[in-house]
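The opening position of the sequence shown corresponds to residue 15 in our numbering, with each subsequent residue numbered one higher.
One thing to keep in mind: the hints can contain errors.
As the list claims (entries may be wrong) - Pairs of lysine to aspartate or glutamate, EDC-like flavour, derived with a Cα cap of 20 Å:
#1 K701 to E642
#2 K336 to E324
#3 K155 to E175
#4 K220 to D309
What the hints assert, rightly or not - Label pairs and their calculated CB-CB ranges:
#5 R735 to Q234: 55 to 63 Å
#6 K492 to T644: 13 to 21 Å
#7 Y208 to D250: 34 to 42 Å
#8 N651 to H181: 57 to 65 Å
#9 K671 to D91: 24 to 32 Å
#10 K174 to P215: 19 to 27 Å
#11 V482 to N435: 16 to 24 Å
Hints were generated in silico from the structure; no laboratory data involved.
C-beta atoms are modelled at their ideal positions from N, C-alpha and C, and glycine is treated no differently.
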Amino acid sequence: MEKSSPFKFLDAFQENDRSVFFGREEEIERLYDLVHQSRLTLLYGQSGTGKTSLVRCGLVNRFMPSDWFHLYLRRGDDINRTLQETIERANVVVESPLDILKERLKRKTSHPVAQPVDIRKEKSDNPVIHGLQALHTQFLKPVYLIFDQFEELYILGDDKERTTFYHTVEEILEEAPFCRFIIIMREEAIAQLYDFEKVVPILFKKRLRVEPMSLDKVKQVISDSFAAFNIHLKPDRQKDQLIGLLLDNISHRKSGIALPYLQVYLDMLYRSVHAEAGNSGSGYPTVSVTGKDIDALGPIDDVLGRFLAEVETRLAGELDLKKETINAVMDGFVTDEKTKRPVQYRRDQDLMILARESGLFFPTLAPETLTRILEGLERNRIIRIENESIELAHDSLAEEIDKRRSSDLRLKREVISRLHNSFIEYQKSGQHLNEKQLESILQVAGSLSLDPAMTSFIEASRSHNIEVARVEQERMAKEQALEQEKLTTRKQRVLIGVMTILILGALAATIFAITNQRKAEQAGILAKARQLEADSLRLIAEEQGLQASDARDSIRDILNSIDEITAGLVEKVQSGRLSGDELQKVQQAFHQLSEPAPKPASAQTISYASLNEPIKLMTQHEDKSLVEITDSLVPRNETLFMVLRVKTPQTENLQIKWYNPENERSLMADNIQVTDINPAQELVLKKTFNEAGPYISRVFNSKGREIGRKRFTVMSRSDLRKARREEKKEAKDGN
Numbered sequence: 015m016e017k018s019s020p021f022k023f024l025d026a027f028q029e030n031d032r033s034v035f036f037g038r039e040e041e042i043e044r045l046y047d048l049v050h051q052s053r054l055t056l057l058y059g060q061s062g063t064g065k066t067s068l069v070r071c072g073l074v075n076r077f078m079p080s081d082w083f084h085l086y087l088r089r090g091d092d093i094n095r096t097l098q099e100t101i102e103r104a105n106v107v108v109e110s111p112l113d114i115l116k117e118r119l120k121r122k123t124s125h126p127v128a129q130p131v132d133i134r135k136e137k138s139d140n141p142v143i144h145g146l147q148a149l150h151t152q153f154l155k156p157v158y159l160i161f162d163q164f165e166e167l168y169i170l171g172d173d174k175e176r177t178t179f180y181h182t183v184e185e186i187l188e189e190a191p192f193c194r195f196i197i198i199m200r201e202e203a204i205a206q207l208y209d210f211e212k213v214v215p216i217l218f219k220k221r222l223r224v225e226p227m228s229l230d231k232v233k234q235v236i237s238d239s240f241a242a243f244n245i246h247l248k249p250d251r252q253k254d255q256l257i258g259l260l261l262d263n264i265s266h267r268k269s270g271i272a273l274p275y276l277q278v279y280l281d282m283l284y285r286s287v288h289a290e291a292g293n294s295g296s297g298y299p300t301v302s303v304t305g306k307d308i309d310a311l312g313p314i315d316d317v318l319g320r321f322l323a324e325v326e327t328r329l330a331g332e333l334d335l336k337k338e339t340i341n342a343v344m345d346g347f348v349t350d351e352k353t354k355r356p357v358q359y360r361r362d363q364d365l366m367i368l369a370r371e372s373g374l375f376f377p378t379l380a381p382e383t384l385t386r387i388l389e390g391l392e393r394n395r396i397i398r399i400e401n402e403s404i405e406l407a408h409d410s411l412a413e414e415i416d417k418r419r420s421s422d423l424r425l426k427r428e429v430i431s432r433l434h435n436s437f438i439e440y441q442k443s444g445q446h447l448n449e450k451q452l453e454s455i456l457q458v459a460g461s462l463s464l465d466p467a468m469t470s471f472i473e474a475s476r477s478h479n480i481e482v483a484r485v486e487q488e489r490m491a492k493e494q495a496l497e498q499e500k501l502t503t504r505k506q507r508v509l510i511g512v513m514t515i516l517i518l519g520a521l522a523a524t525i526f527a528i529t530n531q532r533k534a535e536q537a538g539i540l541a542k543a544r545q546l547e548a549d550s551l552r553l554i555a556e557e558q559g560l561q562a563s564d565a566r567d568s569i570r571d572i573l574n575s576i577d578e579i580t581a582g583l584v585e586k587v588q589s590g591r592l593s594g595d596e597l598q599k600v601q602q603a604f605h606q607l608s609e610p611a612p613k614p615a616s617a618q619t620i621s622y623a624s625l626n627e628p629i630k631l632m633t634q635h636e637d638k639s640l641v642e643i644t645d646s647l648v649p650r651n652e653t654l655f656m657v658l659r660v661k662t663p664q665t666e667n668l669q670i671k672w673y674n675p676e677n678e679r680s681l682m683a684d685n686i687q688v689t690d691i692n693p694a695q696e697l698v699l700k701k702t703f704n705e706a707g708p709y710i711s712r713v714f715n716s717k718g719r720e721i722g723r724k725r726f727t728v729m730s731r732s733d734l735r736k737a738r739r740e741e742k743k744e745a746k747d748g749n
């Protein structure tokens, strides 16, 4: 049977561990002085420096019980609710009359025994203040609120939760002078306290950084711990050398040591040796450690990684599960910031059911299987299962588990976190996922354990985005049609105006010829003028690109009208009957010709391109023939051919855009003039991709509406061969 160990492993030292808590005597005194100098003390340091142990064991034992009443708090689901509920529970805890009498006599007071107060019955805007006042009245001691792992407020909380807490602290400092705060947090999160300091200016006034333990201190801890736990280094004459060997293995040439690694290493060393017969007066069996034992365990490098791997393998064998399943469950307790994630749960008879919002981070497993895994992880000291929550034993485990994450899993976790946060925001404000968020989530949704509410949220977001896209496309189409109509009208007005000027010039030349030349020359001059009119009309129409039937009809109508006006003018000029009034009427007639008549509604109908078949991806063989890519995997640095079978009732512009779906940045936009494509013709585009990764090709018609898209992945040739081998293997296994 495996021998139990006196070392703490990954647990924090508690109040009853005073006799075996070594190496932090100076820090205990400094912290004790600070908490008396200010009503708020900030205790910070790197993960693994022993901040929690310094308070829960060192500071607690430095205080006399009559000097303070302290409450430990973690964020839980919401730090404000946790604070209120913790104070409520403390108020309904009734001390025996004898204990209260002893306490009062120590303080030499004559106050009557206070009855416990349920702050839920207090009529106040802030029950927290009244609850603290009730505690102070009941125990007549300063009340210390100790917030451990305060960084969770910034990793797991939101702005509303934080702002509410800041102002609660502000109010407590103003209204409850008997109350003091100790805030414990990792130093990398200190930058997040800027807004807190604006509300509570004394936040940084009294602070203490817990430094990593030096090698000299570690040597002291080892010596004192071995003496306390009846552990002897053999041979005794080599004790200093053996401690030096231990230090080399533990420090591995580093200046500081993370205390969890030290405790885990000493625990593993203790369990690897055999207890000798007989006990000493200390109550611990006599244990001898030799140089061979130390060499066999080896250096501390990756000691937690080895420990996790051993537990993973052992549990997989005991439960007849894959190691990947055990690892996936452990991974659910780790945040994206490499810290431990507290997970709420409830008991259903013998089963542990995770809270809905937490289940998203865990693999889909039967409740019986998940319960067995969780119990196994607790048995192996990986997690702690409390009354309402489960979490990793220490943040150092979270960092080790994070190291084991693949890039795909890391990306998946980021997507899950975004989905989780978006769902919370949706419940508060009704805000849906946008198209970009939805696309990234749908890529991994099939592998997630989604409850009905989360699934409904995704479907509602999908429907919302479709409707938004439809409304936007309609708006763009109307704007484009209106702009096109305005452009056509402007072109025609410019055209007809120029035409009118040229025709008037030609007509003036005609009148001049008729008036001043002989009849034999009149016909020739008139013919040249007519030719000038026709050439002007043709050149202007070609310049403006007006080849459509409506433009040709307008030009034809103008020419017919000009013929009639010109014939009448010529006749009156020849007979000498052209008056000034009639010349003015002719001028007005030409102005009317320059204003185009409105088009009938039927003539304003616009047709747009569409695809007859799905887009095809193809590569070119050595014989120049094109072969279709059926698995959407494209070799890097090889020309990709995209084949479109386009239906185009009239002249259209197609736009092809290539996207990287990870950031939806347009990589290239090809504008293609489709002038000679018939309904059965294929349009072939080609492009070479030099960077591996996922891509999307999207096709838009001139209306700006997407008419087709194609997803594909660009891979190196070696990765492509590997992927296709795996596909064949999976297909074979499936058959």
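Hint by hint, here is what the structure shows:
no.	hint	verdict
1	K701 to E642	holds (15 Å)
2	K336 to E324	holds (14 Å)
3	K155 to E175	violated (29 Å)
4	K220 to D309	violated (45 Å)
5	R735 to Q234: 55 to 63 Å	holds (58 Å)
6	K492 to T644: 13 to 21 Å	violated (40 Å)
7	Y208 to D250: 34 to 42 Å	violated (56 Å)
8	N651 to H181: 57 to 65 Å	holds (59 Å)
9	K671 to D91: 24 to 32 Å	violated (44 Å)
10	K174 to P215: 19 to 27 Å	holds (22 Å)
11	V482 to N435: 16 to 24 Å	holds (21 Å)
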